[in-house]
Structures are given as structure tokens and as C-alpha cells.
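Please take these sequences and the hints and turn them into a complete structure.
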Amino acid sequence: MRGRSPGVRTEDVNTYVTGTAPPLPDRDPDARWFAVVRHTAFFLLLGASLVRFLIRHAGHPDTPWIIALSTLLGILYVLGAGLDDAAPAHRRLWLGAVVGVWVVLVVAAPSFAWCAVPLVYTALRTLPVRGSLVLIAGLTVFVVAAQISLFGFDPNLVVAPPTVAALATAAFVHMERQRARQDALIGDLLRTRRELAATERREGALAERQRLSMEIHDTLAQGLSSQQMLLQAADRIWTADPGTARHHVRAAADVAARGLAEARRFVQDLAPADLAGGVPLAEALRALAEREPVPGLAVRFHQEGTPVPLPESAESALLRIAQGALANVREHAGASTAALTLTWLDDQVVLDVADDGRGFDASTAPAAGPGRGHGLPAMRARAGRLGGRLSVESVPGEGTVVSAALPLVSPDSPELP
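Residue numbers (my numbering): 1 to 417.
It should be emphasised that the hints constitute simulated quantities derived from the structure, not laboratory data.
Yeah, the Cβ is synthetic: ideal placement off N, Cα and C, and Gly gets one too.
Check before you lean on any hint, since a few could be wrong.
To be verified - So the derived label-pair ranges between C-beta atoms look like this:
(1) L345 x R194: 45 to 51 Å
(2) E195 x R130: 34 to 40 Å
(3) L167 x A197: 42 to 48 Å
Spelled out as C-alpha cells, the structure:
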């Protein structure tokens, strides 16, 4: 379901613009200010009409009734101020009572007819547009009749009240429709903002899932794979060469310990353990090469150029890419040697992971999928998130080179997600 602005429904705005719905409630400062002016004008006109009657009709036998009706009308009008949030039916009953008392008062003293001016706006604020127009027409006819009975026939008295009522009504309806359209626009903006926030939350959740999946692949999955290979090797030679078998078991235990430490760190969104404590990237890569656990695979590390400080996110990405590339070498390449080369250029840092394995057709490299892990897609994603690129060069029978290049930025630059 699409969101809506508080207190404003799009269908209400549309029906108000077409004249079939009640006006929207006063919520903005301008509407409240206009209400104060309208109420003040009513009581000023009521008081002026009463004073005029008392001055011109001193000693009139109906004076007590006029005073009583004026007081009752004022009290009823004040009670309406507490009905702003009441049900529409209650507001209409109140308006009917006010108009009824006013009609009786005008019949007894036509000078009270001018109180109809604020009542016009009250009707527009209380009734649907069409209903208020009918009531305003009736009020106008009654005012004209009252003025003719008081002053006699005068063309001005016939033309002026309807003209004033028509202009006031047209201005009010125009302002209300403009306000309705503005409320609809605000509702659309609020809905769009909520939808954008929901989209950002979904994207954030997907990004976090991707981060966790890559971390799991580059730590737990690779560690478990190495343990499996070591334990299988130990099992094969357990009887013939127990010393070497125990060495493989100890190596598997070391891999498990490192995997546990890495798991704890990525759950806390920390840098890899090899980079903890400010260890330089080159030293972390050298340690990765030296502790290669798989028998028969020799890994060496080499650095070229002058190192410069990197953001933590870039160092973590390069280390994870190196781990992922070496995991592919162990599991798929059948290589005897591999080389990690970290090259510092003027505008970028490049990590190459080369092996002398069986190679493959890089143009048909499979994407990540069920049962295949993340591998190259995860490495590409890590490089891409930092504005870098990852390339793979491989020919069947001639080994593979995985190259990751990241742009050099200040270590104080904002971390990329």
C-alpha cells in the first residue's frame, strides 16, 4: 500500500477540488490566523448591531429579547470553537443552531443581518462546498430581504450583498483548492521520501549480506577447504609417515584457529586479523605467503615501488583478494608455485597473484552460483567498490594471473562502503 501524508488523503483532496468533500481542517498558521480574524469580525459585528439597536430603539419592548438572543448567539458561536475536531454531523448541528438563532434575531432586528458575513466563511469551513453554496445563497436572500424591510427598496441593497457573498465565496474556494493541492503535493513528497528511505534500507541490507557472504567465502570457506585438504593428506599417510601426518593436523588446527579469529573480526566489522595493530599491507601479504598450508605449493611475495599509506578499506580488500586468489590456486590450479606481487605506481597500487598451474579459458569463467562459492565475482566486487578493477589472464596449460588495481587516495579520505 502506498504511503500517505498525515491527515490528508489523496481521494479527499480530489473530491474537495471537485466540490464534493468537506473542507480540510485548519492546520497551518495562515488558516489559524484567518480563523481568529473571522471570529473577531463576528463578535464585532454582533456587538455593533446590538449597540445600534439599543441606541435607535431605546425603550423598545423587545429589547430584553434582543439582548437575550444576542447573548445566546454569542454563546453558541463560542461553543463552536471547541468542535473543530468533532464529527461533521456535530459541526453541522451547531451551524444549524447558530443560523437558526441568527434568523430569529434578524427578523426581530434587521440590523443584525451583517453578521452573515463571517457566517458565510463559517459555512464554508463546516459544510461541503455544494452544501455551503446553498446555505450562502439562502443567507444572501435573507439579508437582502432584511435590508429592504429596514430601508425600503434600493438597487444597491439588492446587488451589493450577493456580489460580496459571491466574491468572498470564490476567493475562499480558490484558496482552499490551492491548499488542497499543496497538501497533496506534500503528501506525494512525504510518500516519496518514505519510499526512498525504504529503498536505502533494502540496499543497505543487500550490501551487508554481500559483505558477509564475501567475508565468509574469504575466511571460513577457504579455511575449511584448506583444513579438508590437510586432513585428507594426513589420513593418506597416517600409517606410513605419522610425523608428517601430525604436521598436517597441526597445520589444519592453525588454519582453524585463524578462521575462528577472522570470523569473530568480520562479525564485528573489523579489519582482517593480519592487518590488526597497524601491520603494513606488505607484511600481511608476506605472512600470507609464508604460512601457505597446502603441501606441494610454494608461495613467495615480492614488492615493487615505494609504499604509500592506504585507507583501511583498501588494505582489507587487497588482502582478501590475495586470500581468494590463493584459495583458487589451491583448489583448482594444480600449481606447484605461486607469486604475490604488490606494485606501487604513481596513481594506483596493483596486486598480482600468478601461478604455474593448469590454467583455464578466462573468457568462459563461471559466475558465482549454488555450490560454486563466490571466487572471482567476489574479488571483482571488492575492487569495484573502491573504484578499482580486477582482471584475469589465463590460458589452458600456461597458468593464471589475477590482477587487482586500486586507485591511490589519501588514507584520510572517506571510507567507501
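Against the structure, the hints come out as follows:
no., hint, in the structure
1, L345 x R194: 45 to 51 Å, "holds (46 Å)"
2, E195 x R130: 34 to 40 Å, "holds (35 Å)"
3, L167 x A197: 42 to 48 Å, "holds (45 Å)"
The structure shown violates none of the earlier numbered hints.
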